[in-house]
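Residue numbers (my numbering), protein chains in the order written: chain A, 1 to 303; chain B, 1 to 303.
These are calculated hints, taken from the structure and not from any lab test.
Worth double-checking, as some hints may not be accurate.
As the list claims (entries may be wrong) - A short, non-exhaustive set of chain A residues, derived as facing chain B with CB atoms under 10 angstroms:
no.	residue
1	Leu48
2	His93
3	Pro207
4	Gly266
5	Leu273
6	Gly278
7	Met294
8	Pro298
What you are looking at is a predicted structure, and each value in this text was computed from that prediction instead of being measured.
We put the CB at the ideal spot given by N, CA and C, even for glycine.
2 protein chains.
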Amino acid sequence: MTEPDPNADPFAERKARAAAWFAELQATICAAFERLEETQRHGPHAALAPGRFERRATRREPAPGEDGGGGVMAIMRQGRLFEKVGVNVSTVHGRLDARARQSLTARRDIPGLAEDPRFWAAGISLVAHMRSPKVPAVHMNTRMFWTPAAWWFGGGADLNPMVELAEDTAFFHDRLRAACDAHDPGYYPRFKAWADEYFMIRHRGEPRGVGGIFYDDLCTGDWEADFAFTRDVGRAFLEAWLPIVERHRDEPWTEEERAWQLIRRGRYAEFNLVYDRGTRFGLETGHNVEAVLMSLPPLAAWP
Amino acid sequence: MTEPDPNADPFAERKARAAAWFAELQATICAAFERLEETQRHGPHAALAPGRFERRATRREPAPGEDGGGGVMAIMRQGRLFEKVGVNVSTVHGRLDARARQSLTARRDIPGLAEDPRFWAAGISLVAHMRSPKVPAVHMNTRMFWTPAAWWFGGGADLNPMVELAEDTAFFHDRLRAACDAHDPGYYPRFKAWADEYFMIRHRGEPRGVGGIFYDDLCTGDWEADFAFTRDVGRAFLEAWLPIVERHRDEPWTEEERAWQLIRRGRYAEFNLVYDRGTRFGLETGHNVEAVLMSLPPLAAWP
Numbered sequence: 001m002t003e004p005d006p007n008a009d010p011f012a013e014r015k016a017r018a019a020a021w022f023a024e025l026q027a028t029i030c031a032a033f034e035r036l037e038e039t040q041r042h043g044p045h046a047a048l049a050p051g052r053f054e055r056r057a058t059r060r061e062p063a064p065g066e067d068g069g070g071g072v073m074a075i076m077r078q079g080r081l082f083e084k085v086g087v088n089v090s091t092v093h094g095r096l097d098a099r100a101r102q103s104l105t106a107r108r109d110i111p112g113l114a115e116d117p118r119f120w121a122a123g124i125s126l127v128a129h130m131r132s133p134k135v136p137a138v139h140m141n142t143r144m145f146w147t148p149a150a151w152w153f154g155g156g157a158d159l160n161p162m163v164e165l166a167e168d169t170a171f172f173h174d175r176l177r178a179a180c181d182a183h184d185p186g187y188y189p190r191f192k193a194w195a196d197e198y199f200m201i202r203h204r205g206e207p208r209g210v211g212g213i214f215y216d217d218l219c220t221g222d223w224e225a226d227f228a229f230t231r232d233v234g235r236a237f238l239e240a241w242l243p244i245v246e247r248h249r250d251e252p253w254t255e256e257e258r259a260w261q262l263i264r265r266g267r268y269a270e271f272n273l274v275y276d277r278g279t280r281f282g283l284e285t286g287h288n289v290e291a292v293l294m295s296l297p298p299l300a301a302w303p
Numbered sequence: 001m002t003e004p005d006p007n008a009d010p011f012a013e014r015k016a017r018a019a020a021w022f023a024e025l026q027a028t029i030c031a032a033f034e035r036l037e038e039t040q041r042h043g044p045h046a047a048l049a050p051g052r053f054e055r056r057a058t059r060r061e062p063a064p065g066e067d068g069g070g071g072v073m074a075i076m077r078q079g080r081l082f083e084k085v086g087v088n089v090s091t092v093h094g095r096l097d098a099r100a101r102q103s104l105t106a107r108r109d110i111p112g113l114a115e116d117p118r119f120w121a122a123g124i125s126l127v128a129h130m131r132s133p134k135v136p137a138v139h140m141n142t143r144m145f146w147t148p149a150a151w152w153f154g155g156g157a158d159l160n161p162m163v164e165l166a167e168d169t170a171f172f173h174d175r176l177r178a179a180c181d182a183h184d185p186g187y188y189p190r191f192k193a194w195a196d197e198y199f200m201i202r203h204r205g206e207p208r209g210v211g212g213i214f215y216d217d218l219c220t221g222d223w224e225a226d227f228a229f230t231r232d233v234g235r236a237f238l239e240a241w242l243p244i245v246e247r248h249r250d251e252p253w254t255e256e257e258r259a260w261q262l263i264r265r266g267r268y269a270e271f272n273l274v275y276d277r278g279t280r281f282g283l284e285t286g287h288n289v290e291a292v293l294m295s296l297p298p299l300a301a302w303p
């Protein structure tokens, strides 16, 4: 009988499964978005070749030459429907320096991190900026975080229409609510309220979009259950957003609507650069800056 | 003989003179820029009416209905030469809450502020985004800050060409150096190095432009001397930038140069939203958000 290796990471298998899930979700989403491109027959960009994702490896270098993990950035640009969309996965590890620790511990004290600053994190992050001002921009992100003394999941999704349509808002929230309710009836009310608080452009006193869900520090103690919930959030995102795209993809738009879209995108950039925790964490932990900032809009206006 | 009022603010006259200077400089600059518009005869926008500044009062409301001072925002948009330029002055006062104090004390401990958090500040801030990618964008800002136990001046100017021309960089720096040297031969080397450090987009490891000068916490003990220096920085800005505009205003440009300009402007927005101390201070102390963010480019790209 072989003794188990006392130095083995008891979380190694779970980390591998989480990272594999994020990669699978990336593949599923990229395929779904490329299908949208192929089937786009109307509108001012229908004559273009359907957009295709370009994939590129990214690296986190905490110090020059040091390995901190990395990821795969998938970006599609100037398609028929998508003006710019990034779907990034990453699996990173190393030690959290004081500054990065601060951007985490602003919200929570991570037990034991001062003594042992090792961390591991994997996740997927998606932002889609559309050609049409009739099709909402959207964001989704889920992640698993591990430190020697704790693990947790986080994530969310939010819808960013240029002009709110109550029907779309209700549909998007309903799909996310269904995914939440299947796990815990308390999740949706809590995570919806958290999104309303989180996706707020505080210096303007205005929300960046019409919300969705946001959760962090999710650790019920049952890793399998929390991982299953995080998978369901990823799936629910597609169920929530794709029908909204179908509903609006062939609607015409005006120059005025386009101009307003560019202003809304400016607000989006403000939120991400000033407040977004994932962006700040990425910039502070030395991940490939193009991957961290892929969320920024292809074109934005502050007229 | 009248006894002096023991409650009178011994700094009242100085505050008034500083505020008046910033207003005068605003008027001088706005007039100079409108002259540039009137005399612009070539290029794709020469057929437009010459741009004119619109002036609007701004208010700082630390809490709803509370008076925290205000200013005058002067903005010119979609001119022949200027795509968007803001020249704002403000005179604000009140109490620094903990968050705003932090964005100041990150660099210095302000003596006595924890016990008596009153402050007063006046300044001018200018950012010009040009139609032509051949004409550098530019920024200038000077200010006086007062607290019960301290006063100081700060400011600077930096040049942001889309492609560096060594001749322009040298000229811009020479004018600022001359203004500095007239006051203290140590100023220019120190304030140039400070600008190189300050105007750095740290997450990209690249400077936002070709520098200039930056100074803060300037208090030699001689208020008249420090005020005179700050006035000279304002004058030197015009001497440094206007000839560069003259040199390039009639040069043609290509679509590729315009596209690169929009990318450079995206970098500029990144710097201002992530790092700029004036922007952060403004957003945190509740000043009119349109005035604080007038520095953001009319159009920017992250392709």
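Chain B contact restraint on Leu48 (chain A) - CB to CB distance below 10 angstroms: 15 angstroms, violated
Hold the hint about Gly278 (chain A) up to the distance rule: shortest CB distance to chain B must be less than 10 angstroms. For Gly278 (chain A), the interface hint is violated, since the closest Cβ of chain B sits about 13 angstroms away, which is over 10 angstroms.
Does Met294 (chain A) hold up as a contact with chain B if the rule is Cβ-Cβ below 10 angstroms? 8 angstroms, holds
Per the CB criterion, is Gly266 (chain A) less than 10 angstroms away from chain B? 7 angstroms, holds
Interface hint outcome for Leu273 (chain A) [beta carbon to chain B under 10 angstroms]: 4 angstroms, holds
Given His93 (chain A) as an interface hint, is the shortest Cβ-Cβ distance to chain B below 10 angstroms? 20 angstroms, violated
Does the closest beta carbon of chain B sit nearer than 10 angstroms to the beta carbon of Pro298 (chain A)? At about 6 angstroms, which falls below the 10 angstroms cut-off, the nearest Cβ of chain B leaves the hint on Pro298 (chain A) intact, so it holds.
Should the interface hint for Pro207 (chain A) be scored as holding, given a Cβ-Cβ cut-off of 10 angstroms against chain B? Where the cut-off is 10 angstroms and the nearest Cβ of chain B is about 15 angstroms from Pro207 (chain A), the hint is violated.
When the structure is compared with the earlier hints, violations turn up for hints 1, 2, 3 and 6 and for no others.
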